[in-house]
Structure formats: structure tokens, C-alpha cells
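For the sequence shown, position 15 (counting from the first letter as 1) is numbered 18 according to the numbering used here, and the numbering increases by one without interruption.
The hints are simulated quantities; they were obtained by calculation from the structure and are not laboratory data. Misleading hints may appear alongside valid ones.
[To be verified] With a straight-line cut-off of 25 Å between C-alpha atoms, the simulated BS3-like cross-links for lysine-lysine are:
no. : residue 1 : residue 2
1   : Lys16     : Lys57
2   : Lys65     : Lys16
3   : Lys60     : Lys16
[To be verified] Derived CB-CB ranges, DEER-like:
no. : residue 1 : residue 2 : range
4   : Gly63     : Leu8      : 10 to 20 Å
5   : Glu75     : Ser13     : 30 to 40 Å
6   : Lys57     : Asn36     : 12 to 22 Å
7   : Glu71     : Glu12     : 12 to 22 Å
8   : Gly15     : Ala47     : 31 to 41 Å
9   : Tyr46     : Ser13     : 25 to 35 Å
10  : Gly10     : Ala34     : 14 to 24 Å
11  : Glu40     : Gly63     : 11 to 21 Å
12  : Ala9      : Glu71     : 28 to 38 Å
For every residue, glycine included, the Cβ atom is placed at its ideal position computed from N, Cα and C.
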Amino acid sequence: FRAWLAGQESGGKRFTEEQRRWLEMIRDHIAANLGIEPDDFEYAPFAQHGGLGKVHKLFGDKLNDIIEELNEILAA
4 FRAWLAGQES GGKRFTEEQR RWLEMIRDHI AANLGIEPDD FEYAPFAQHG GLGKVHKLFG
64 DKLNDIIEEL NEILAA
């Protein structure tokens, strides 16, 4: 996860503190469940922080790419 995050940021992508918190929640969910799907954002801990709507607001059209990449590198 750290290597992926560093790679994103070295490529010019900067994440806000809130985005980083969400990425960490996503990381933890993948570690516990071996993957994440969009529906998972409607459950804890994501729902307490705004759910699917909030994560879409934070990451926009990059959300699906981020989910795909993190599923691939963290569940492998």
C-alpha cells in the first residue's frame, strides 16, 4: 500500500488528508475481506463517513481505477 501510494504521489497525484483516511479504510477492508466492491461503501466503516456518495465526491471518476488497483495489489 505504501509503495502504491508513493508511486501515485511521485507521479504527480496528491491526496488530501481526507482522501488518505479513505484510502486507509479501503486498504483495511481489502486486508480483512480480500477485496472491495462499490456496494461495500454502504456498510461500516464507510457508511459512518458518508458512504458511496462521499467516496465518489472525494475521488470522482478515478474511484473505479483506485478500487481496481488496490484490489489487485493488496489481495494478491
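The hints, checked one at a time:
For a cut-off of 25 Å, the pair hint linking Lys16 to Lys57 stands: about 19 Å separates their Cα positions. About 11 Å separates the Cα atoms of Lys65 and Lys16, which keeps this hinted pair within 25 Å; it holds. Taking the CA atoms of Lys60 and Lys16, the gap is about 17 Å. The hint holds against a cut of 25 Å. For Gly63 and Leu8, the Cβ-Cβ distance of about 18 Å falls inside the hinted range of 10 to 20 Å, so the restraint holds.
Restraint check, Glu75 to Ser13: a C-beta distance of roughly 19 Å breaks the suggested window 30 to 40 Å. Take Lys57 and Asn36: their Cβ atoms lie about 20 Å apart, and the range 12 to 22 Å holds. Separation of Glu71 from Glu12 is about 19 Å and conforms to the stated range, judged on CB atoms against 12 to 22 Å. Taken as a hint, the range 31 to 41 Å holds for the pair Gly15 and Ala47, whose Cβ atoms sit roughly 33 Å apart.
The beta-carbon spacing between Tyr46 and Ser13, approximately 33 Å, falls within the hinted interval of 25 to 35 Å. At about 19 Å, the beta-carbon gap between Gly10 and Ala34 stays in the expected band of 14 to 24 Å. Against the hinted window of 11 to 21 Å, the Cβ-Cβ separation of Glu40 and Gly63 comes to about 18 Å, which satisfies the hint. Separated by about 19 Å at the C-beta atoms, Ala9 and Glu71 break the suggested range of 28 to 38 Å.
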